[in-house]
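Chains as they are written, first to last, in the UniProt record's numbering: chain R, 1 to 335; chain F, 1 to 335.
By construction, these hints were calculated from the structure, which means they are not laboratory data. Every residue gets a Cβ at the ideal spot worked out from N, C-alpha and C, and that includes glycine. The reader is advised that the hints may include incorrect statements.
[What the hints assert, rightly or not] Quick list of in silico lysine to aspartate or glutamate cross-link-like pairs, DMTMM-like style, CA-CA up to 25 Å:
1) R:Lys-208 with R:Glu-278
2) R:Lys-46 with F:Glu-122
3) F:Lys-289 with F:Asp-324
4) F:Lys-5 with F:Glu-118
5) F:Lys-23 with F:Asp-154
6) R:Lys-46 with F:Asp-154
7) R:Lys-23 with F:Asp-324
8) R:Lys-88 with F:Glu-151
9) R:Lys-36 with F:Glu-151
10) F:Lys-48 with R:Glu-122
11) F:Lys-46 with R:Glu-151
12) R:Lys-46 with F:Glu-44
13) F:Lys-88 with R:Asp-280
14) F:Lys-88 with R:Asp-324
15) F:Lys-295 with F:Glu-240
16) F:Lys-36 with R:Glu-193
17) F:Lys-46 with R:Glu-122
18) R:Lys-88 with F:Asp-154
19) R:Lys-36 with F:Asp-163
20) F:Lys-279 with F:Asp-154
21) R:Lys-249 with R:Asp-324
22) F:Lys-88 with R:Glu-151
23) F:Lys-36 with R:Asp-324
24) R:Lys-295 with R:Glu-193
25) R:Lys-48 with F:Glu-122
26) R:Lys-3 with F:Asp-324
27) R:Lys-46 with R:Asp-154
28) R:Lys-36 with F:Asp-324
29) R:Lys-5 with R:Glu-151
30) R:Lys-3 with R:Glu-107
31) R:Lys-295 with R:Asp-280
32) F:Lys-295 with F:Asp-280
33) R:Lys-208 with F:Glu-44
[Said to hold, decoys possible] Now the in silico label distances, taken between C-beta atoms and shown as ranges:
34) F:Gly-253 with R:Gln-27: 49 to 57 Å
35) F:Gly-328 with R:Ser-30: 27 to 35 Å
36) R:Glu-278 with F:Gly-134: 16 to 24 Å
37) F:Glu-106 with R:Arg-212: 36 to 44 Å
38) F:Ser-245 with R:Asp-154: 42 to 50 Å
39) R:Gln-236 with F:Lys-295: 46 to 54 Å
There are 2 protein chains.
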Amino acid sequence: MDKTKILLAHGSGGRLTHDLITKHLVQSLSNPLLNKLDDAAVFESKGKTAFTTDSYVVNPIFFPGGNIGKLAVCGTVNDLSVMGAIPKYLSLAFIIEEGLDISALEEIIKSIAAAAKEAGVEIVTGDTKVVNTGKADKIFINTAGVGFIPEGLDISGANARPDDAVIVSGTMGDHGIAIMAQREGLNFKTAVESDCAPLNGLITDMLKVCPRIHVMRDPTRGGLATTLNEIAGQSQVGIELNEESIPVKPAVGGACEALGLDPLYVANEGKIIAIMPEKDAPAVLSAMKAHPYGKDSAIIGRVISPNPGRVSIRTPLGALRILDMQSGELLPRIC
Amino acid sequence: MDKTKILLAHGSGGRLTHDLITKHLVQSLSNPLLNKLDDAAVFESKGKTAFTTDSYVVNPIFFPGGNIGKLAVCGTVNDLSVMGAIPKYLSLAFIIEEGLDISALEEIIKSIAAAAKEAGVEIVTGDTKVVNTGKADKIFINTAGVGFIPEGLDISGANARPDDAVIVSGTMGDHGIAIMAQREGLNFKTAVESDCAPLNGLITDMLKVCPRIHVMRDPTRGGLATTLNEIAGQSQVGIELNEESIPVKPAVGGACEALGLDPLYVANEGKIIAIMPEKDAPAVLSAMKAHPYGKDSAIIGRVISPNPGRVSIRTPLGALRILDMQSGELLPRIC
């Protein structure tokens, strides 16, 4: 029995599962709710509650700027935060391929603990399954999250209104290009790191300045273009972007050119789109720029009445082109 | 492009993901919260809230008595219910292997919808990832769940007290043997079906008769023996069972003998263990027997002070043997 590897028995529900949970998980993620090890965590809640889930299948599991564990915490924290919720409780479920190095799992759990600490959330319930070699790819993680929405907020993808301003919190495509570069063994002059980060702090600062924000969304899979298309569809409005104002790191832009990708379709894991009344945009923008995760924020376009459901983009030469939803799969397993 | 199969692009976050979600998922599982398709579902909550998660990796994905979709709903409904919670909202996250038949996914979603309807829960948020052929095994499902605990209940694995009675709600090992038989191509004279079922209705009936129930737990992976060991450890009590009183279907007992398994270590997906003051046991037992999912309920033992953390079992010949926690992995991917 190789004690450095995950075995099928770690997922049996028996002794080794118990040891794995008590030794590795409860120790690193310790909190009173988790430590009870009941079939469900129990806490008090009140008022508008947000609930979300995401599975993470990113390949490779370690990448510049993070790993699958950090991603699994940040992604779910961000999905709650963009609804205006203050994230509180996360569940954590592993599907592990037999043979994974226990040291890799430990490093992932350490990142989960660090990201949860930064975001101020607790991992309160979980599950571990192990499947035979070749039946998964190292490790898949699911997190679900619960958060509470303060009174007076009404944020939804369906709330964009004509003349609203569209802001992004920083450069587009960093996460996707960091993953692609690692996966394909590409080398850039300037290393590209994933932007993977918990955005609840940034969002709290934004809502302090303007509780009237209409829409927030994190442009993950499918990138900015796909997310804006979803919003345009949900709100039945048009969205017009100004290409020159969209922040893209030179290294990311260069990599996209080399790979034949458009950075507006490449995934981000630490960025948000915010849509709000135009008059509120300057105050929100300066609050965002004052936060480390929002320093490259920019107003990139506006909501319009014509062409409901459609996103268009004005090129530097003044032409207007349609920015459609992504149709194929350019970057599988990016998150 | 083969339109009968799941493609990588179904997990891209782009057009095909959008179509898959709106056509297959939202249509079958439709409810106002899910239909908003925001990054998180938002609902009102109040008071003691239970939150749990499980991933399902069962192989085969279709089996006598159910499939992975039904299992994913029932398992999470049951984990909430055994805490005394009334299950309300579920998340649903798929990890799909490229090439899965869309018709199989449709059948799984139909079962999810049916099980959710029976349990009275709504699927309110979800996620779909697709990984390349050979990087997962057909489909893995994660559900997380939220439920609300009525005032006055205090149910936990840590609450077993000496002299409490131990009841199980029916025959042991049905689910595990149904899966094994299907997987290994075994034939029995009497077909064994999985007991997979949502138990919130049964549990509501039990709590009506006796809100003082100390512990409830569903004996899934690791079976009755492992679950009772966990309870004995959490509550720091001994548990003594009477082997003759533990219900086991003859076909399951026979299969276990042939396969060299002990039914007390084989997984169940539609059974509960309940531990309560001895004086309440007869009333709870008759409430259980009156429910279709509890008709074979039986008092199988009692909680004792000596040997805290240990489970022992009295054999038909009067000998007392230790019933340890499962140590290896007898039945991988049983749930």
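Hints, one by one, checked against the model:
no. : hint                                 : verdict
1   : R:Lys-208 with R:Glu-278             : holds (17 Å)
2   : R:Lys-46 with F:Glu-122              : holds (20 Å)
3   : F:Lys-289 with F:Asp-324             : violated (29 Å)
4   : F:Lys-5 with F:Glu-118               : violated (29 Å)
5   : F:Lys-23 with F:Asp-154              : violated (42 Å)
6   : R:Lys-46 with F:Asp-154              : holds (19 Å)
7   : R:Lys-23 with F:Asp-324              : holds (20 Å)
8   : R:Lys-88 with F:Glu-151              : holds (22 Å)
9   : R:Lys-36 with F:Glu-151              : holds (20 Å)
10  : F:Lys-48 with R:Glu-122              : holds (17 Å)
11  : F:Lys-46 with R:Glu-151              : holds (14 Å)
12  : R:Lys-46 with F:Glu-44               : holds (7 Å)
13  : F:Lys-88 with R:Asp-280              : violated (38 Å)
14  : F:Lys-88 with R:Asp-324              : violated (37 Å)
15  : F:Lys-295 with F:Glu-240             : holds (23 Å)
16  : F:Lys-36 with R:Glu-193              : violated (33 Å)
17  : F:Lys-46 with R:Glu-122              : holds (20 Å)
18  : R:Lys-88 with F:Asp-154              : holds (23 Å)
19  : R:Lys-36 with F:Asp-163              : holds (23 Å)
20  : F:Lys-279 with F:Asp-154             : holds (18 Å)
21  : R:Lys-249 with R:Asp-324             : holds (22 Å)
22  : F:Lys-88 with R:Glu-151              : holds (23 Å)
23  : F:Lys-36 with R:Asp-324              : holds (21 Å)
24  : R:Lys-295 with R:Glu-193             : holds (16 Å)
25  : R:Lys-48 with F:Glu-122              : holds (17 Å)
26  : R:Lys-3 with F:Asp-324               : holds (22 Å)
27  : R:Lys-46 with R:Asp-154              : holds (17 Å)
28  : R:Lys-36 with F:Asp-324              : holds (21 Å)
29  : R:Lys-5 with R:Glu-151               : violated (48 Å)
30  : R:Lys-3 with R:Glu-107               : holds (16 Å)
31  : R:Lys-295 with R:Asp-280             : holds (18 Å)
32  : F:Lys-295 with F:Asp-280             : holds (18 Å)
33  : R:Lys-208 with F:Glu-44              : holds (23 Å)
34  : F:Gly-253 with R:Gln-27: 49 to 57 Å  : violated (40 Å)
35  : F:Gly-328 with R:Ser-30: 27 to 35 Å  : holds (28 Å)
36  : R:Glu-278 with F:Gly-134: 16 to 24 Å : violated (50 Å)
37  : F:Glu-106 with R:Arg-212: 36 to 44 Å : holds (42 Å)
38  : F:Ser-245 with R:Asp-154: 42 to 50 Å : violated (57 Å)
39  : R:Gln-236 with F:Lys-295: 46 to 54 Å : holds (53 Å)
In this structure, the hints that do not hold are numbers 3, 4, 5, 13, 14, 16, 29, 34, 36, 38, in rising order.
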